[in-house]
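Same order as they appear, the protein sequences are chains A and B.
The first sequence: position 26 = 1096 (our numbering), numbered continuously.
The second sequence: position 93 = 379 (our numbering), numbered continuously.
Where hints are given, some of them may not hold.
[What the hints assert, rightly or not] Residues on chain B that point at chain A, a partial pick, calculated with CB under 8 Å:
hint : residue
1    : Leu-330
2    : Tyr-335
3    : Gly-390
[Claimed, not checked] Below 16 Å or equal to it, Euclidean Cα-Cα: the simulated EDC-like pairs (lysine to aspartate or glutamate) are:
hint : chain 1 : residue 1 : chain 2 : residue 2
4    : A       : Lys-1122  : B       : Glu-308
5    : A       : Lys-1119  : B       : Glu-345
6    : A       : Lys-1122  : A       : Glu-1112
7    : A       : Lys-1169  : B       : Asp-371
[To be verified] Pairwise CB distance ranges (calculated):
hint : chain 1 : residue 1 : chain 2 : residue 2 : range
8    : B       : Pro-294   : A       : Glu-1139  : 25 to 35 Å
9    : B       : Trp-293   : A       : Ser-1128  : 42 to 52 Å
10   : A       : Asp-1125  : B       : Pro-304   : 27 to 37 Å
It should be emphasised that the hints constitute simulated quantities derived from the structure, not laboratory data.
Quick caveat: nothing in here was measured; it's all calculated off a predicted structure.
Heads up, the beta-carbon is just placed ideally off N, CA and C, and yes, glycines get one too.
Read off the chains here:
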Amino acid sequence: GDSVTQMEGPVTLSEEAFLTINCTYTATGYPSLFWYVQYPGEGLQLLLKATKADDKGSNKGFEATYRKETTSFHLEKGSVQVSDSAVYFCALTPSGTYKYIFGTGTRLKVLA
Amino acid sequence: SQTIHQWPATLVQPVGSPLSLECTVEGTSNPNLYWYRQAAGRGLQLLFYSVGIGQISSEVPQNLSASRPQDRQFILSSKKLLLSDSGFYLCAWGPGGEQFFGPGTRLTVL
């Protein structure tokens, strides 16, 4: 079945370091791909999305490119801040469905 | 603008007691609605989704149930809670693409 695999956390970085959180997926057809962020004690917020191959989603300095050949959607940011500390979820929506499939989440901790 | 509400924000219940969590959406009509559970240290698990009044799809077998009595109301229930039902419950709505999440309910079953 369809699935999303994220790198295990936690990821601990110093402020201004480069961030990569890996995400790979298994799905038939052409799913839409998403990154969500969850700050402590809150619900999830959409960070960025991509709906077709080679699309690049970007928001707040974060970027991710939909790579169909490697079935990946890795999240990157050139310079992280303490305020980026949160849990990041990769997700997909299989084409033609209303369902969402989430990865297990990756906790990011940024130290000043 | 659209908003999504969940209540209560926190809940502590004994094993074997009933449960009712409510989610309402404002500012949109006929949304797709979703219930997720996030257990400690784990990812999001889709429990139920609904594409219309009275239409409920269950993703995992369990002692929970869901109902959609009105277009913008989604209720998660249980007749008898188990310890394993503890977790953070999130309601979400979507127009068909991205999803918008509520603030969540933290349930502790003792």
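Against the structure, the hints:
Given hint, Leu-330/B at the interface with chain A, holds; its Cβ is 4 Å from that chain's nearest Cβ, closer than 8 Å. For Tyr-335/B, the interface hint holds, since its Cβ comes within 8 Å of a Cβ in chain A; the closest pair sits about 6 Å apart. Restraint check, Gly-390/B versus chain A: the minimum CB separation of about 5 Å is within 8 Å; hint holds. With a C-alpha separation of about 35 Å, the suggested pairing of Lys-1122/A with Glu-308/B is violated against the 16 Å cut-off.
Simply put, Lys-1119/A and Glu-345/B have alpha-carbon atoms about 24 Å apart, too far for the 16 Å limit, and the pair is violated. With a C-alpha separation of about 29 Å, the suggested pairing of Lys-1122/A with Glu-1112/A is violated against the 16 Å cut-off. Of the pairs offered as hints, the one joining Lys-1169/A and Asp-371/B is violated, with about 22 Å between alpha carbons and a cut-off of 16 Å exceeded. The beta-carbon spacing between Pro-294/B and Glu-1139/A, approximately 47 Å, falls outside the hinted interval of 25 to 35 Å.
Distance hint check for Trp-293/B and Ser-1128/A: the Cβ-Cβ separation is about 35 Å, which falls outside the suggested range of 42 to 52 Å. Between Asp-1125/A and Pro-304/B the beta carbon distance is about 45 Å. The supplied range of 27 to 37 Å is therefore violated.
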